[in-house]
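Each chain, written out:
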Amino acid sequence: MTETTNDTLLVPRSPIRPYHFSRPYWDATREKRLVMQYCPQSGQYQHFPRPVSIATGRTALEWREVDGAGEIYSFSTTRRGFGPFQGFEPYLVVTVRLDVGVDVISNLVGCDADAVSIGMRVRPYWHPLDDGTHLLLFQPDEGPFGAVQS
Amino acid sequence: MALRDHVIAGYAETKIVQKSERDVYSLMGEIMDGLLARTGFEKRDIDGMILTPSLSAASTTFWAQSAAEFLGLELKFADTTDLGGCSAAASIVRAAAAIDAGLCSTVLLINADTPTVDYRFSNYSFHDEWADPYGLMGPPGAFGLLSRRYEHQFGLDYDMLAKLAVTQRDHAILNDNACEKLRRPITREDYHASRMIAEPIRLLDCVMPADGANGLIVTRRDIAKAQGLSRFIVPTGYGELTNLGGGTSLVDVTQSGHRVAGERAFAAAGLRPQDIGSFHPYDDFIIAIMIQLEMLGFCGHGEGCAYVRDTDFTYSGDLPLNTGGGQISAGQAGFAGGGTNLIEAVRQLFGEGGARQVRNTSSALVTGIGWIPYARNWGSSIALILEPDA
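Residue numbers (my numbering), protein chains in the order written: chain A, 1416 to 1565; chain B, 1459 to 1848.
Rather than coming from a laboratory, the hints here were simulated on the basis of the structure. Backbone N, C-alpha and C define an ideal beta-carbon position, used for all residues, glycine too. Treat the hints with care, as some may be off.
Derived DEER-like restraints, expressed as beta-carbon distance ranges [as the list claims (entries may be wrong)]:
hint : chain 1 : residue 1 : chain 2 : residue 2 : range
1    : A       : ARG1432   : B       : GLY1705   : 37 to 45 angstroms
2    : B       : GLY1728   : A       : SER1457   : 35 to 43 angstroms
3    : A       : ASP1546   : B       : LEU1708   : 50 to 58 angstroms
4    : B       : PHE1579   : A       : PRO1499   : 38 to 46 angstroms
5    : A       : ASP1546   : B       : ASP1776   : 52 to 60 angstroms
6    : B       : GLY1703   : A       : PRO1455   : 27 to 35 angstroms
A short list of chain B residues far from chain A (calculated; beta carbon distances all over 12 angstroms) [what the hints assert, rightly or not]:
hint : residue
7    : MET1459
8    : LYS1473
9    : ARG1606
10   : GLU1609
11   : GLU1638
12   : ARG1641
13   : ARG1679
14   : GLN1685
15   : ALA1725
16   : ASP1770
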């Protein structure tokens, strides 16, 4: 039985109140650009943003723009919604492993639960928030949302 | 002194209930009374105290001092072990360390929580920014992602998780302190038919919140003997690991810090997994039991389902598992729940298991799990080996 999964795009999400060190991330999302912290000493990207490099413990970090391409590392269809997600079940929570080497927890849009699989290629889908920033969601690299420019 | 020069002189536990109409201080008083009655120590003998955090009192930054005042204790050492579900068992070695450092000599460990009547928990971490906007439902959501990945890497026979759930439930039925609501039999079919929460996590994979308290007295061996106590329980091995792979961005979510924690605990105790008399793992989700079996060396990584299939985990079986029902079938008394399986291990080693008494009381292995990080396995892993004093 095919069951439609909620894209969560109508969930009333509040704007984010970032920590000091994650502001550059959220600022870039105003232009639908994805930036990640990069540690030049270790050559490692990291996500979520931290006050220091998790490799070296030092504050020497750069922000680098990345394309957000990656693959599904794991997924879970949520049947009991959390907070404002109540009433929007079922929806897909995914862990995306970006090609640059970080894991990102997000929602998958434009894909039903029976179509998602581990290893599936995905790319960003930018969902607008009320303050002009955007929330990073993901969509299948190919599929119904493939033609949508977000 | 070594860890094994310290002893658990006695234990106490309340019944686990929902909507208890009690409060944490009331439960703490009951536990302290029970511990003093059992051990013969006077209140003035207690010069140290370690608490677990409490969902009911989490906003109380003066938690230990407040508890000391309510209990009338004058203390040379007071602290709270801030390791989530690991806290109760981790407090034992912290008590031993404090005693070893000469800070105090006899330590009261109390774990009390009443989240179903008073819930004050709040996070100050990554959740507001990186988890809540995606509707990731706390621990069940994270364990859904973990389980699906495990299934992808190794295959996952859900009937083996059902077997573990049924075994623990059968044990809860024999435990008068388990929450009454959970003291009715379930079948494997009931497990498979229970509703999905965060696929593939089902209702019968999860703990049910409840209220309750438990506690222990940890002291020096010579003090316990001078007190006239002839039997006590000795911590002989311990390992702890927080934030496994914390310096790297990519981890395998199917591996926990219990590998390192277990190796350290077994080495200190001079035991191997096959020597363990009964196993009392932290159980917030059924699959966590299986992953811990792998990480602690009872079987290889990814071989948990085969091991579960071939092992009898009943109290009279090959490897008795959470003989009080575990948190999943006895009820999770908030952060005091980290003490539930610990207390059961101590009870078994004292030979006070009653209808569910295990045969092999030469040792017990207790574990802890604490904190759900971002896109990783759980945050803290501990392993504690206990042996009765000969």
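Now the hints, each set against the structure:
{"no.": "1", "hint": "A/ARG1432 with B/GLY1705: 37 to 45 angstroms", "result": "violated, 27 angstroms"}
{"no.": "2", "hint": "B/GLY1728 with A/SER1457: 35 to 43 angstroms", "result": "holds, 39 angstroms"}
{"no.": "3", "hint": "A/ASP1546 with B/LEU1708: 50 to 58 angstroms", "result": "violated, 31 angstroms"}
{"no.": "4", "hint": "B/PHE1579 with A/PRO1499: 38 to 46 angstroms", "result": "violated, 19 angstroms"}
{"no.": "5", "hint": "A/ASP1546 with B/ASP1776: 52 to 60 angstroms", "result": "holds, 58 angstroms"}
{"no.": "6", "hint": "B/GLY1703 with A/PRO1455: 27 to 35 angstroms", "result": "violated, 21 angstroms"}
{"no.": "7", "hint": "MET1459", "result": "holds, 33 angstroms"}
{"no.": "8", "hint": "LYS1473", "result": "holds, 28 angstroms"}
{"no.": "9", "hint": "ARG1606", "result": "violated, 5 angstroms"}
{"no.": "10", "hint": "GLU1609", "result": "violated, 9 angstroms"}
{"no.": "11", "hint": "GLU1638", "result": "holds, 24 angstroms"}
{"no.": "12", "hint": "ARG1641", "result": "holds, 25 angstroms"}
{"no.": "13", "hint": "ARG1679", "result": "holds, 40 angstroms"}
{"no.": "14", "hint": "GLN1685", "result": "holds, 47 angstroms"}
{"no.": "15", "hint": "ALA1725", "result": "holds, 29 angstroms"}
{"no.": "16", "hint": "ASP1770", "result": "holds, 32 angstroms"}
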